[in-house]
Each structure stands twice: as structure tokens, then as C-alpha cells.
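Enquirer: Take these sequences, add in the hints, and give me the full structure.
Each protein sequence line maps, in turn, to chains G and B.
Numbering (the numbering used here) for the first sequence: 151 to 266.
Numbering (the numbering used here) for the second sequence: 17 to 129.
There could be a bad hint or two in this list.
What the hints assert, rightly or not - Computed cross-link-like contacts, DSS-like style, restricted to lysine-lysine with a CA-CA straight-line distance of at most 30 angstroms: (1) G:Lys163 - B:Lys121; (2) B:Lys74 - B:Lys121; (3) B:Lys87 - B:Lys77; (4) B:Lys85 - B:Lys121; (5) G:Lys207 - G:Lys163; (6) B:Lys74 - B:Lys87; (7) B:Lys65 - B:Lys85; (8) G:Lys207 - B:Lys121; (9) B:Lys121 - B:Lys65; (10) G:Lys207 - B:Lys85; (11) B:Lys121 - B:Lys87; (12) B:Lys77 - B:Lys121; (13) B:Lys65 - B:Lys77; (14) G:Lys207 - B:Lys65; (15) B:Lys87 - G:Lys207.
As the list claims (entries may be wrong) - Stretches of chain B that chain G covers, calculated by requiring three or more beta carbons in the stretch to come under 8 angstroms of a beta carbon on chain G: (16) 47-61; (17) 73-79.
Calculated directly from the structure, the hints in this document are not laboratory data.
We treat Cβ as the ideally placed atom computed from N, Cα and C, and that holds for glycine.
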Amino acid sequence: KAGVTQTPRYLIKTRGQQVTLSCSPISGHRSVSWYQQTPGQGLQFLFEYFSETQRNKGNFPGRFSGRQFSNSRSEMNVSTLELGDSALYLCASSLAPAGQGASEQYFGPGTRLTVT
Amino acid sequence: AQSVSQHNHHVILSEAASLELGCNYSYGGTVNLFWYVQYPGQHLQLLLKYFSGDPLVKGIKGFEAEFIKSKFSFNLRKPSVQWSDTAEYFCAVIMNRDDKIIFGKGTRLHILP
Numbered sequence: 151k152a153g154v155t156q157t158p159r160y161l162i163k164t165r166g167q168q169v170t171l172s173c174s175p176i177s178g179h180r181s182v183s184w185y186q187q188t189p190g191q192g193l194q195f196l197f198e199y200f201s202e203t204q205r206n207k208g209n210f211p212g213r214f215s216g217r218q219f220s221n222s223r224s225e226m227n228v229s230t231l232e233l234g235d236s237a238l239y240l241c242a243s244s245l246a247p248a249g250q251g252a253s254e255q256y257f258g259p260g261t262r263l264t265v266t
Numbered sequence: 017a018q019s020v021s022q023h024n025h026h027v028i029l030s031e032a033a034s035l036e037l038g039c040n041y042s043y044g045g046t047v048n049l050f051w052y053v054q055y056p057g058q059h060l061q062l063l064l065k066y067f068s069g070d071p072l073v074k075g076i077k078g079f080e081a082e083f084i085k086s087k088f089s090f091n092l093r094k095p096s097v098q099w100s101d102t103a104e105y106f107c108a109v110i111m112n113r114d115d116k117i118i119f120g121k122g123t124r125l126h127i128l129p
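Expert: Right, dumping it as C-alpha cells:
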């Protein structure tokens, strides 16, 4: 079974631009979560989608948004990029939403975003 | 605020030494608990998990963790580490009040050959 895939793997953007990152979950997984990983803050939860609905959201500004499609694929968008948005963005999928029985998450390789 | 603490940021051990990495969380309700590992150049992967039942959980590669509810802890242990255990280890907790998963900041483990 193929794992979680994320595209692109690397991205360089300029301040003020916007970016869209994509995540394809493991086949059959309906929950997708996004995280921002930085050396100083570790892994911080951005949001979780289940069956095309945002189920939970972390403490990030409204510039960070996402969506999930009917095939469970998910996209994350960051508008008006800031230097501090440089990070590794991780996507994780699971069979069930967080807090439910089979909710261990499987992580993708991440998208390394650099904002200059 | 709900939080997960990993007190050891960087641990250096020799091969065959015993390992215990601490993880504490701040929430008195029902929790789901996880340890993830990230080997150099690889994805985060699940080591072990606790949802309910026996508080001593065994995971892959000889790791185990014990959930002690009274101490709000879920420490990771391995009796004898190997050089290949060099990695970053993350504790994660789902606090069932709002089902958000919170990660600790990670512990970098370096095993000397």
C-alpha cells in the first residue's frame, strides 16, 4: 500500500506570495492532518480534515487554510507569506479522526518551504 | 493551556545502555498517547500507542512505554539501545476534550557506537 505523498517536496517563495501544498493520504484513510515543523517550535498542529470537513484547527492565523476533496486528498494554502512561515509542512493521514479508535497517524515526507 | 513536555532535549548514550525518555502532559481527562520516531532522513513513524487497557505498551524495535495516569506521564523505555536507535523521538497526546493532537518538542537521541 502506498504511503502518504506530499507535493512539492521543496519550495522557495518570496514574502507576500501565496503557496499551495498538496497531500494524498493512504488509500482508505479519510482523515488528513497538517503540521508545521520548525527547529524552535517542534511540531505544531495546523488543522484536521475528515470527510471534507474541517474538524479541528490549531492556533495559526487565517492566512493558513486548507481543504479536503471527496477522494480525501487535501491541500493547504498559505497566503501573504512571511519569513517566519519557512518550515517543514507535514501531512498525516489516518483511518479515523483524532481521538477515535484507529486514529494513529501515518506521516508523509513533508514539503520544505523556504520564504525569502 | 494543554501541553506536552519532553524534558530531555538531547540525550547521548553508549550502546547497550538503558534508555528512558520522559513525557508529561497537562490534562486530567481521557487521553490517547503516542510515541513517534524520526530517523535521520526518514518520515515520522509510529513507535507505539496507548488507547486503553494495559498501561504498559510494547512497540516496535524493543521499545515500551508505561502510562501512569496519576503522574500524567507516558515515558518511553528500552533496556539496551543500539546505534541504530539514533533518532529524534516525539511524544504526542490527544486530549479527548477537543481531540486535538499535541506533540512534545522532541528529544534527540544520539547513541555512541
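Enquirer: Which of the listed hints are broken here?
Expert: Structure breaks hint 17 only.
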